[in-house]
Structures are given as structure tokens and as C-alpha cells.
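Colleague: In case you want the letters, here they are:
Number of protein chains: 4
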Amino acid sequence: MHVGVLTGGGDCPGLNAVIRAVVRKGVQEHGWSFTGFRDGWRGVVEGDTVPLDVRAVRGILPRGGTVLGSSRTDPFVLPDGVRRIGEQLAKLRTDALIAIGGRGTLGIAARLHAEHGVPCVGVPKTIDNDLSATDWTFGFDTAVGIATEAIDRLHTTADSHRRVLVVEVMGRHTGWIALHAGLAGGANVILVPEQRFDLDQVCAWVASRFEATYAPILVVAEGARPRDGAPVQGSVGVWLADAIERRTGKEARTTVLGHVQRGGSPSAFDRWLATRFGLHAVDAVRDGAHGTMVALRGTRVVRVPLSAATDRLKAVDPALYAEAGVFFG
Amino acid sequence: MHVGVLTGGGDCPGLNAVIRAVVRKGVQEHGWSFTGFRDGWRGVVEGDTVPLDVRAVRGILPRGGTVLGSSRTDPFVLPDGVRRIGEQLAKLRTDALIAIGGRGTLGIAARLHAEHGVPCVGVPKTIDNDLSATDWTFGFDTAVGIATEAIDRLHTTADSHRRVLVVEVMGRHTGWIALHAGLAGGANVILVPEQRFDLDQVCAWVASRFEATYAPILVVAEGARPRDGAPVQGSVGVWLADAIERRTGKEARTTVLGHVQRGGSPSAFDRWLATRFGLHAVDAVRDGAHGTMVALRGTRVVRVPLSAATDRLKAVDPALYAEAGVFFG
Amino acid sequence: MHVGVLTGGGDCPGLNAVIRAVVRKGVQEHGWSFTGFRDGWRGVVEGDTVPLDVRAVRGILPRGGTVLGSSRTDPFVLPDGVRRIGEQLAKLRTDALIAIGGRGTLGIAARLHAEHGVPCVGVPKTIDNDLSATDWTFGFDTAVGIATEAIDRLHTTADSHRRVLVVEVMGRHTGWIALHAGLAGGANVILVPEQRFDLDQVCAWVASRFEATYAPILVVAEGARPRDGAPVQGSVGVWLADAIERRTGKEARTTVLGHVQRGGSPSAFDRWLATRFGLHAVDAVRDGAHGTMVALRGTRVVRVPLSAATDRLKAVDPALYAEAGVFFG
Amino acid sequence: MHVGVLTGGGDCPGLNAVIRAVVRKGVQEHGWSFTGFRDGWRGVVEGDTVPLDVRAVRGILPRGGTVLGSSRTDPFVLPDGVRRIGEQLAKLRTDALIAIGGRGTLGIAARLHAEHGVPCVGVPKTIDNDLSATDWTFGFDTAVGIATEAIDRLHTTADSHRRVLVVEVMGRHTGWIALHAGLAGGANVILVPEQRFDLDQVCAWVASRFEATYAPILVVAEGARPRDGAPVQGSVGVWLADAIERRTGKEARTTVLGHVQRGGSPSAFDRWLATRFGLHAVDAVRDGAHGTMVALRGTRVVRVPLSAATDRLKAVDPALYAEAGVFFG
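Protein chains in written order, with the working numbering: chain A, 1 to 329; chain B, 1 to 329; chain C, 1 to 329; chain D, 1 to 329.
Chain A extracted, bound-state conformation:
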């Protein structure tokens, strides 16, 4: 059996752990060979490949990024994209394709499989943890850990000074990183994209916190927006700090974590999850379970249809957000 592997979409710690597990298990248990495609679907369309054997995956487990490179290339919008994929796979005698990626990358895999019979198996990847088909996605735990450590450090200053401290974390569409890091870091306010925030309420929380002789720490997802529809340009964290300063007269400072959250070595949890996803993707290929992707349910890795990757965004449940509300203010 000869298997192609590709990674698509944005950076996410754990991609290399998946690749390594796929190759180690495929080679050692089944004697398969592999081809790596460079930069996601672009590499498949253009036949741009990377040798992928046990030696190539040595030492990559703890490293962030992806040794295969990534892109957002969509073969369906390229002239002849799909036909060229068919040609390349035939030329390389590829029996199956393991696509590791998010909504975009896996949506393409789902269509290629459903409409063109390309033998795809998927591995879901999103730092935002917003896939409804799986309990957790790798990369998320690492991002939450980094944001939590930042909040931990801000508590020192919150304790000693009288400043409002705002931390902007990732999350354009969903607030999972904000919610988990806010809970783990003991933030006083958590703002998520799923619920527009009321600046008056936020300022009231800030004020009540100061009364408790302790400065407030606010965690805001980059996609959070105020209820009144005021336009937010640039960083919402900077915007929020300015708005609070103007309303409350309290000095406010912002930390914008940015790409720091998606780089560096994956956490132990993410490495475990990514490794198991890789091992089970090989099982799916072995079983000819094309059109499926792996997913975590509880502590078990299961298979779900590839289409589940694009089905529905897993938004922060209002009940979960309300649960966290006991720590606000």
C-alpha cells in the first residue's frame, strides 16, 4: 500500500505528531510506503512531494508547525485542479490519502471522496476546538495552556497595582480558548464571540472588582464584539481597554498574545491526542474506511463521516458560558 499525507490550513501544535504516528505505524505494522505532499492540496495538485519515511519523522514529535508545510489552496477553484489531483495520485500509485486539516482542508477531502471517489481519510485539526464531531481537537490544549500562563502572570500585577488588565486570545468565531483559559486562569470577565457583550455590564464588573480591593483581569476572544454594534477596528483587546479607561477612569493595559498561541511545542495532551489520531487514521486506511475521519469521544478514538468536519461549528454552549459566570465581576 502507498499512502499520501498532507496538512492544510493554519498552524496548530500536534500536526507533526500525527504525521509521525501515521508513518511509524504504517511502516512498522503494515510495511506501507508514504509520500508527503507539500503545502496541503497545492502539493497534490502540483505533484510537489516530500519523502516521508521513518527517518523523515524522527524527532518531530515535540515540534510545532508541520514538516510538510501548509496552505489554503482549494483544488475546486483551480483550473483543472481536481483532474490534476487524479493524475498525480495515479502517477504516484497512491492507494489512499490522509488529509490533516480543518474545515477547509477536510471539506475538500469530503467532496473529492464523495464526488470523485478519491480514497480520503481525514484527521481533524483546529486550534479553536470548534468541531462538533469530536470532543477535543489537538492544538487547543496547548493554546489554552499558553493563555493561562499569561493570565497567571498578570495576577501578580493585578494584585499589586490598580490597573485593569485585558488579555486578547484567539477565537474569531468561537470562544473556547477564552472560556477555558479564563476559567483556568481565574479571569474576572470572559468575553466570547457567541454572545455580544454589554460594555456597561463589563464596566460594572470592573468596578465591583476594584471594590473587592483587587484589580480585574478580562479575557476577550479576538472575535468578541460589543452589543451596541460599535465598530471595532484592529485589536478588540486594545479597543476594550480604551473603552474601559474612558468610562471608568481606571488605567487599563492590554496583552495581545497573537500567534504565540499557535506555535511551539505541543502539550503532552495534544501530543497524545494527535498521536492517537494518527494511529487510528492508519487503521481507517487499512480498513478501507474512505470518506471517514477520526474523532475523540470520551477517551476513545472513533470514525465519523468526513462530512461531519464541515457540518456545524461547535459554538460555546450558553449553559457552559453561564456556568462560568459565577466567577465574573
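Incorrect hints may have been included.
Identical copies look the same in the list; a pair holds intra-copy or inter-copy alike.
[To be verified] Pairs of lysine to any residue residues, derived as SDA-like cross-links and limited to a Cα-Cα distance of at most 20 Å, are as follows:
#1 K91 with P51
#2 K91 with S132
#3 K250 with S71
#4 K314 with R297
#5 K250 with A212
#6 K250 with R72
#7 K250 with G10
#8 K250 with T73
#9 K250 with C203
#10 K314 with G298
#11 K91 with R246
These are computed hints drawn from the structure, not numbers from a lab.
Model the placement of chains B, C and D on the given structure of chain A, informed by the hints.
Modeller: Relative to chain A, chains B, C and D alone:
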């Protein structure tokens, strides 16, 4: 409502996060008051209490250990232990008791509830992750993270030198920490208590690793034992390194992590889990769900009978161990 | 002997380590007693004190912030400030005062000693490492470590994507944190307040970096400014990313670390330095060396006049900056 | 100019940072070319080389270990070793040799230069910080940081339980790591090879600590030995824990950090120091300053004779050890 809280058994990062969540939610959402009992069941028997209000739990979220202290006192073996518990709870007008602990502590809570009608709600705690009733226990992720970081660092030396490196991790009865840290750290051999190891096989793995021009890293749970029943005194890690050195002639070095694994600040995951356990324990008390404990299933916190805490040790599944075997040698 | 202790100015990891060392040595070696003044000079003026004994300093070594609180109160601008200090010290029968702080706090101590004979001993503190009298100040190593870890994580993204990554670090007047973190993190451009930067040159470096098929990481001190005097409002990091994007057409992202750099547990180096400063401040008090402060020269702690604290800002030496230039572009 | 580079002796975080700085500066500022010799002096004797250009050093700054490999080969004990070195250097037209290593490696460089005119420049490396010619050596700060973090974590357990906790750290001949990590971690007893310890005294400290209702943490360098000359086999940490348990009846647990201390990513300080050593080694080569090595004095990098590397072990000064004694017991 007046609620007592106690922590029992060994250290485990996340205990303070549970205590804080219980108090914050109980006070802010329900207006309850709390009493902390010092050193687990000892404090209940002796009426040794600690004030427990919002102020008392401020700042404890990121801290290891437990502000309530802990012990392994068993009221059932103390003269009049159970009667004295009844008296103390009556004296303090305690409406319910939240017991945070492992097999021992929760087993006592289960009996007190079943046999004496004491209104107990449990929160499971074990660094070893060996409770079958819950997908994960807090403290485990922190321990795995610490062990993984140690393995990461050893790879440098394994790469530069020609030494066998042995890391002994926690796990007297189950090998969950060894399995997860071994997978996450990219160990070449993982030895767990659930399966006696064959020293010949271990030495064969060591030898094959050296042929691949890279030194082997072995992760061994403190409770792992050789198949032939050779007596192991003191650290099994030290014993194993000696045995490998004698058999293979290769220099071997040992790292014994010990208590380092159960101390210090909990990981973000463990804080999230512990916090949610605390919030849901309050819900259980509110609902009068005595005799239950909280547990994680997937990403949901559920209630199970307290007796589930002592039912059955969750051993490492042979299939999971076999899955990891692809990385051995 | 009865000794007062105060901390002034901004947060800096290591303050608690100094306080602990002072008290432990004073009590155990000399049998002295201590009074802590709350919030820097404000506490002395107002007689606002905190009990300070061995019990009070237990467990504070690894904690950021200061258990004594801090402020920027200047008794010389308060009505009767200096007279009230004299009264409070007399009332408490204070034989000496250990002032821990930066330029502001120690400048006040210097004047109080020189003009009013107040028996002050100083311990220098600045996260910016910009005191010419000492080789290193505590807090700096911690800040550099945090900034370096952030840069490390950005390399992953720089490697996988084609984005310009800008990290803004602390340093209003001096670029020590930027220089050290930039060198340690392998940044491609380091911008410091001591030398106005040329945006054309910066964009040329960015372009040349992209040619080397790798994305550029720029570290910019918050006080760095462009040569042409263009007004920079808000974060210079955000400003720089915008400017680069407009000029080069490359997408640019910013991380603004902010107060994260001055919070949290001090590094081992900072704890060692702060502890030794504390021990030697006690020696200075014992020797009646009022009007001096402790300083590090090589690996030795020495005494210098308190006035040295305010003498001269230690700017980044142009030769050192040029030395780092070999890594630019 | 063509320059050879080699690394010798044990692992030490920062070696790659030196190599990278040497190559970057040599190439970019002077247009030199480089040859890497594999595995220290062995590679020079045998002409075993590695290509060493800007591409080869990309991304190695944060990595532990050495991309050149290391060994303890001594050409002076090999048949024809010195003559073969001369031949290889002539064959490769090597104008100078930068040797990065400890006492052994630099001692060989010193002899080769003094006795055979080989144009060597040295960069000192020892994780133990025991070179008298330099204030600090790289790798030491990283090791101290790792040991301090372990001690930090043990405090949690010391606080909750009543156990004696022993941490064995590196240091066969000198106690610098023990002293610095012990001070930074707030250990209650620090034992170093420079002063034989009195077990009675140690047990007295342990007892007094328990009276203060807190469990003791002891840091012991692997080379520390008891005064009465009792034979210590295997780990002194394990030996000490056993001895304390027998004498005091208190349960004692040991952490043996082992090679974890010398692996993994170097601290920011060590990267800064290693980078500057590399830059200045290039200056020394440029200046024809053969027979010298770089060293840190205060914050300046200076040159000293290569012979200084082997002159004298920098033992822990009794005064420094006594200074730390205020925290014992």
C-alpha cells in the same frame, strides 16, 4: 444551607481549584455558608475546622496542594469515629458534606452515606487516573506534563551520547502516567504494572535502538515488575538501569521524578476539570443528590453513585498498551 | 536593632525574595525585628505598617509582586512628608530603613539620607536593567525569559507561513529586554529606544528574510521610534506591523506582551540575585553603611553610594547593539 | 579564512548557540568558510567532517545538544593522534580551530597550541560552572532553572505532608548547581562536595524543620559525601533519604534529576552568553589571538589564556556556602 468540605488522600494538583469553585458558586449563586474540615476525615471526627469563605479561596486556583490539609484517617477504624462525625455535623448544623478524594476518602463517604445516612457528595481525585467511573481525573494531566518535559530533555542526551536513559514515573498499580508520558515524550519502551515485563525483550529493544544510531529512553512506572519475579528493592528505575547495564554492557542512567510529579501548579486542563467538578458538586448538593459523585464523560460532567469510586480500578487496557507498542524498540 | 523595609515603584519579580532574605538573615543571625511599610514611601509617611517576621515571609520566595505593596508616593512633594517620616521612624524606634526600588524610590532614599540623615540602605530594582551601578538587576532575567519563550513560539509560524511577526516588549527608555530577548530568541530585527530606526532599512531586512524562504520576526522595545519622527500613537508594535504591511504588502501580525513580562514567579537567576541583595543589605545595615546600596559586580555583591542609583541611565551600548546586528535581516 | 569548529565533552545547553553565532558572524562579517568536525577531537584526528554554513546552523539556537556531536577522544593518547590532526588541518587548509568544551577539550587545545603551534581559540563549556577564569559558563543557568522548578514543585508536598524530600542534583566535584538551585528553590539544607556533611547535623535540621510545622527539602549534589566516610554506593540522594529515615523515623522520598538537567532548550541567559562567546571567538580568530579562550567578566566578554581552562577548579567558596546557611534548618 451550610456545607462542609474536606480533602483526603495524597497530594494532587487541582484540589484547591475544586475548593474555590465550590465556595464561589455556593456563596454567590445560593448564599450558602461553608466550613472546611482540616486534614480530611480527621477534621470531621475531631471537629477541627477552617473558615471557608470567598476571601479564604482567593488566589488559590493556581496553587498545588490543598488549603484544607489532608490525611488518610479512616473514621471506621477509630473508636467512636462514626458517632463523633454525626455529632460534629449536628453541632455545626451541616446540611451536606463535599468529600474530595480518592478511593479511600470516597469509600468512607459512600459507607457513611449508605450505612449512616450522612449527606455526602463526592469529587474524585487521583493523580493515577485509575477510576473507571470518569474519563479523566484532575492532577493526571499535570503529572503527565511534568514527566513528558523530563523525557523531552533526555532526548538531547540520547541524541548526543550513547547511553541508555531510564525515567521512573508514578504509578504503583496502574501505568496511565507511564503510558501517556511515554507516548507524548516519544519513549522507546514503556513499562507498566499491568503487564510484567520481559528483561530479554527490553534488552532487545535497547539493542535495536542503538543500531538505529540513537540511544533508547525507557519510561517505567514505579509499580512495573519483571516477568521472572526477580525481587526489585527500592526504585525499579534504578534496578532496571543496573540490569540493562549488566546485560548489554551499555552505560545506563536513571531519572527518578518522585514527588515532583504531584506538586506545583496544576495544568490548565486540570484547573478546568477541577473547577467544573467543584461547580457540579454544588449542583448535586443543591439537588439533594447525596450518595453521588461527579465524573467526566466526554466533555460533560455527570453524576454517578459514590460507590463507583471504589468499584473497580481502571487498569491500562491491553489494547491501548499494544497500540503504543508500535513505537517500542 | 529594629529595621523598616519598603518596596516602591513598578512590579518586578524578585521583590519578595529580597524581603524574605532580609528578614531571615536579620532575625536568625542578628535577632533583629522588622516593620514592613505598606506601599513604599506612602506607608512610611502615614505610618501604615505590616508585621514582618519569619512567619510573614514563609513561602513568598517564588511569588511575583510584593507582599508589602508598592506605590510611587514621593514624600518630598507631600506637605510635611519628610517631617512625618522622621516622626514615624522615631515612633517605631526604627534604627535603619531598607528601601527596595528603582530610580524614584532610591532617589528619595538618597535625599532623605543626605539631607535629613535618615539611615537608609538601598536595594536596586528595575526590570529594565538600566542602572549603571550594577551588572544586573533582578526581574530582568525573568522578563527576558518570558519574551524569549514568546519568540521561540513564533518561529513555528514564521517557518510555516509567510507572515511578518512583530513582538513588542518592555523598555520605554532602554532596549535591554529587546536586545537580550532578541538575541536569545533569534529575532531577525531588534529595535531599541537608544537608536531611532529607519523604516526603509527595516523593510529591507524583512524583504531579504523572505528571500531566504523564511518569515521575519521583529522585536521592538515599546520606546523605539522611527527616525523620521512620524508620530506613533498607542503600541509601537502595532504601528510597525501596519507600516510594514503597507510598504511591503506582506501580512504582518503583532504580539504585545505587556504586563505579562513583569508578573509571575521570578527565574532562578533573579531569585538568587534578589536573595543575595537581601542578605548583603542586612550586612550593610549591620555595618552602619547608611547611604549605600548593594550592587552586583561580576559575581560579587558590593556597596555603592545610594546616589549611584540615580546617576546615569545605563543605555544599550552602541557597540553591543552593533554586535547583535550580524543577526539582522 | 577557513575555520574548523568542534565540540567536546558532556552535553551542555548552549553548544548550538555558540556554533550558530560563530558561523553567522564569520560568514556575514568576514566571508569566512567553516568545517565542522564530528565528535570533538575524534573528528579532527580522523578527518570526519560536517558541512557548516549558514543553512546548517538555521534553527539550532534553541536546541539542546550539539549538531557536531561530541566525544572525549584525546589525540595525545591515540597513536599518531597529533600528527594526524596536523595532516587533516593542512589537508582542509584550516587557518584556525575553535574548540568548544570543558577542561578536557580545552586542555588538549592548550597543549596543541603550546606544543605544536596549532592555531586554537577556545570557548569554555561546563554545566558545573567550575571554571575560575569566567564568571559564568553557559548551560549552568539552564540546569539551575530545571532543578529549581523541581524544588518548587516539592514545596507543595512538603506543605501538605510530613515527609522529608531529598533532591539529588548534578555536581560531582563542585556544588554550584546545588547551591544556586537550593537558594532559588528555598531548600532547607544544601549539601555540596566541597564540604563533607555531618549526618547528625542534617538530621537536626530535619527535626527543627518539622517543629516549624513544615516538611524539609534537602538539595544534595551528586558528589556530596558524609563526614564520617561511610561508603555511599549508587545515588547519594537515595542513600541520604534512607539514612534520614532510619535515624529520624520520618518517611523520606528522593528525586534524582539526572540527565534531565543537561538536556533540552537552553535558558535565555545561556543563549545570550553562548551567542556572545561565539561572536567573540570569531573576533579572537580574526585577531590571530591563538591560544586564548573567551570568558565572561561582569557583563564583558574578555580573552584569557587557554591554559586558564585547566588551571584551577572553581570550588564553592566557603564564605558563599556560609552565606546560604542562614536558610538551613
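Colleague: Please name the hints from earlier in the document that this structure breaks, with their numbers sorted from lowest to highest.
Modeller: Of the numbered hints given earlier, those the structure breaks are 2 and 11, listed in rising order.
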